Amino acid sequence: MTFFNNATRIFRQNIREYGMFIALFVIMAIFSITTDGIFISSRNISNLINQAGFIAVLGIGMTLVIVIRHIDLSVGFLAGFLGAVAAIAMVSWGWPVIVVIPFVLLLGALAGLIPGFLVARLKIPAFVATLAGWLIYRGALLVVTQSTGTIIIPNDAFNAIGNGYIPDIPRVPIFPEVHKVTLLLGIIAIILYVFNEIRTRRNKQSYNFEVLPPDLFALKLVFVSALIGGLTWVLAGFNGLSWTAVIVILVALIYHFVTTNTVLGRHIYAVGGNPEAAKLSGVNVNRITLVVFGQMGMLSALSGILFAARLQSATTTAGTLFELDAIAAAFVGGVSAGGGIGKVIGSLVGALVMISLTSGMNLMGIDIAYQYIVRGAVLAAAVIFDVATRNR
Amino acid sequence: MPTPILEMQEITKEFPGVIALDKVTFEVAQGEIHCLVGENGAGKSTLMKVLSGVYPYGVYSGEIIFDGLAQQFRNIKESEKAGIAIIYQEFALVPEMTIYENIFLGHEISNAFGVDWNETIKRTNDILKKVRLNINPATKVKDLGVGQQQLVEIAKALSREVKLLILDEPTAALNEEDAENLFVLLRDLKEQGVTSVLITHKLKEVIDIADTVTVLRDGQTVGTLSAANGEVTENVLIKNMVGREIENIYPPRKPMEQGDIVFEVKDWNAVHPGLGRTILKDINFHVRKGEIVGVAGLMGSARTELALSLFGNPYGYKLDGEMYMRGIRVELNHPQDAIDERVAYVTEDRKSTGLILIQDVKQNITLANLRKLAQRGVVDRNAEIKVATEYKQSLDIRTPSIEQKVENLSGGNQQKVSVAKWLFAKPDVLILDEPTRGIDVGAKYEIYSLMNELVEQGMSIIMISSELPEILGMSDRVYVVSSGRITGELKIEDATQENIMQMATL
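Line by line, the protein sequences are chains H and U.
So in my numbering, spot 255 of the first sequence is number 255, and the numbers just go up one at a time.
So in my numbering, spot 288 of the second sequence is number 288, and the numbers just go up one at a time.
None of these hints come from the bench; they were simulated from the model.
Since we're looking at a predicted model, the values are computed, not measured.
Be careful, since some hints might not be right.
Claimed, not checked - Partial list, derived from the structure: chain H residues whose beta carbon lies under 10 Å from chain U:
#1 N196
#2 E197
#3 Q205
#4 N208
#5 F209
#6 T262
#7 V263
#8 L264
#9 G265
#10 R266
#11 N284
#12 A337
The beta carbon of each residue, even a glycine, is placed where N, CA and C say it ideally should be.
Please build the complete structure, drawing on both the sequences and the hints.
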């Protein structure tokens, strides 16, 4: 049976890429059963995506850092600290949101350039340089929140970033219980996806490249469309698409485009694959290192904003362990510790896997102590999987 | 025929899209020196990986009989235990450890109190005598020369009572004297009953030392030749390896008019930034349009450092002197500057500094000139595919697809990808550093033909090489480098192996 044979062969060849999707699917299925469907409910999925947001953006940035064979431990408290700066700018200085957000993002980018400079120019190991950052930003966060403690953010527009949903078309009589704009966006996304896949396939065929056999290709289209459709339907059943989700999707799409289609992206992966060869091919390795750490800083700021907006406040412990969750998300998402390999979409899925674990175990009432152990085991399993499949 | 110590029967190993070994048969008789030869990509390395258990039993088909027993090695440890030792080009020694620690690493001699160092040193001395290495066993390996390190590797194998010693390109990094010593030792070990297999590209060595030769081509055994029957000659070997007779190793070139000077450096000096040591001293050097200039020199003569100092100085040497490109003075402070001025540099070590092995053929070919394929930073992927396909065809890069990862290609084809990358950068001056190192006769001929074609089109080539026949066969003019200075400049009519070697050792 050729269909079945083809399917097994292609599955084997692409097991690295499909692995994390399968892991996510399995985890979601298990929790849906063990929680009698509460896990897969509209409210919980919506909530879960909002919780994943501030880790997901860090995970996306961390992907690039690990791809160029470095690490950034400072992102968690940098996010916490910049979240507090945003809160202070709004509360104490009275700055409008529209100014605060770009200002904090810029601060983040500048903060990222510091370890970037230390690593690129002074050849200090990233682990040490960013561990110093971890300590410094943790202290800085305590300093700025010392006098006030938790800073409450009374700004609705800002808080909507972490808690709000995109507006719906009012007073349309069809589907009264469903968020119609979300549904519409989902349908558009499916159409764009299918159209793009068919175009890519035609293009590859014109160069006589190997493409999926038609039956498998159709299966893939149906599967992914069903996934997008299902997710949209679930979200539309609650409040619709959240602003957090919109931001994460935008960031992921931009990063996906940059990493796969631009000179900058290709140079980043070249540096990760073989820094010496990249340098001798005219790639400015120092500049790439700076850019990668700079974007990491900027996404740390974004993560801080998302987190502060979600809590509607800046707390003294904001950002604790974010860096480890982000690193875990990247590794679970298929980024290779050896450098040069890893996709941002993978890390996004990795973040969803990690948050699903937390959310599902919380719903099941599992003790936090065991939750850590399970998450650690999943991370270890992901890396073992990576090593085991690398030499196929 | 004497009893075989090793029989590999009908070995077949497939990779996605490639059959690396196709029913290969390989037999080694007890107590002989057996050479395994073949072009790059013929399957020699794969065969050895099957034998040593790097590819475990089950991922290949066929059977291995070693020392009278059918073997199913699952990893290197099992094959080592059976008495097979493979010594690779990259030595598996710990530089910071002493000779005796290295030799007994992994099978330390212990007594009631832990490692018995006295016994270890005593036995090390015995083994070192066997390999004729007269040196204090407490010397750290990092302080040894390459040849000595190789002897330590062999000693390590002997300490484990090896029955079959396999050496992969053992003389690639050795000078002639060390290589000669190695062969004397191998004959010695043969007397003592150790069977050796040599994988090598150097046909002279094969003729010199082999009792039996097995030739692989395209993943198949094409012949087994016996020295006793007088079958091991250069012509027979080449014919078997490439499946055709190559009359001339160096393809003929159309005679060319001497062009203008394209590239020149004057009073060029370089100092190592960290060590403060002078690397290059008073170099004066030029290349004309359509000329191949050979740069000859021994290892450590700073040939490669010279090339790097010209190619945008990526390692930050402190430079002094003047550089002219087409008569205009330039300063190249980064490889990108060099590329912009149309200088290209194909590195001597394609694996560690030339290619990105985990990326595909297409991405490697376009890397140095990706901007040309991009508009506002966005790469035109269709144009990229076209470019890569063109070079795949024009350089005859043998790969199932331009989307194949470079690490899956043979050495010769990897080298072609390296060259293709720099041709796509459209250079006027192409610096080739050891362009044919570790590639087979057939691929060498193709690279030489390509070089001729390029200079006929008006490119200038600087070819750095430690192989004198190659220098003599391809160059229009030769510079000889020794200890960071140019010690001689010869017209090709005046150059001989003898006078080059004499200048290289000044």
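Hints versus structure:
1. N196: With Cβ-Cβ at 13 Å, over 10 Å, it is violated.
2. E197: Cβ of E197(H) sits 15 Å from chain U, so the hint is violated.
3. Q205: violated, 12 Å
4. N208: holds, 9 Å
5. F209: holds, 7 Å
6. T262: This hint holds: T262(H) lies near chain U, its Cβ roughly 5 Å from the closest one there, short of 10 Å.
7. V263: holds, 5 Å
8. L264: holds, 6 Å
9. G265: holds, 8 Å
10. R266: Holds, about 6 Å.
11. N284: N284(H) check passes; min Cβ-Cβ to chain U is 7 Å, inside 10 Å.
12. A337: violated, 13 Å
Checked against the numbered hints listed earlier, the structure breaks hints 1, 2, 3 and 12; every other hint is satisfied.
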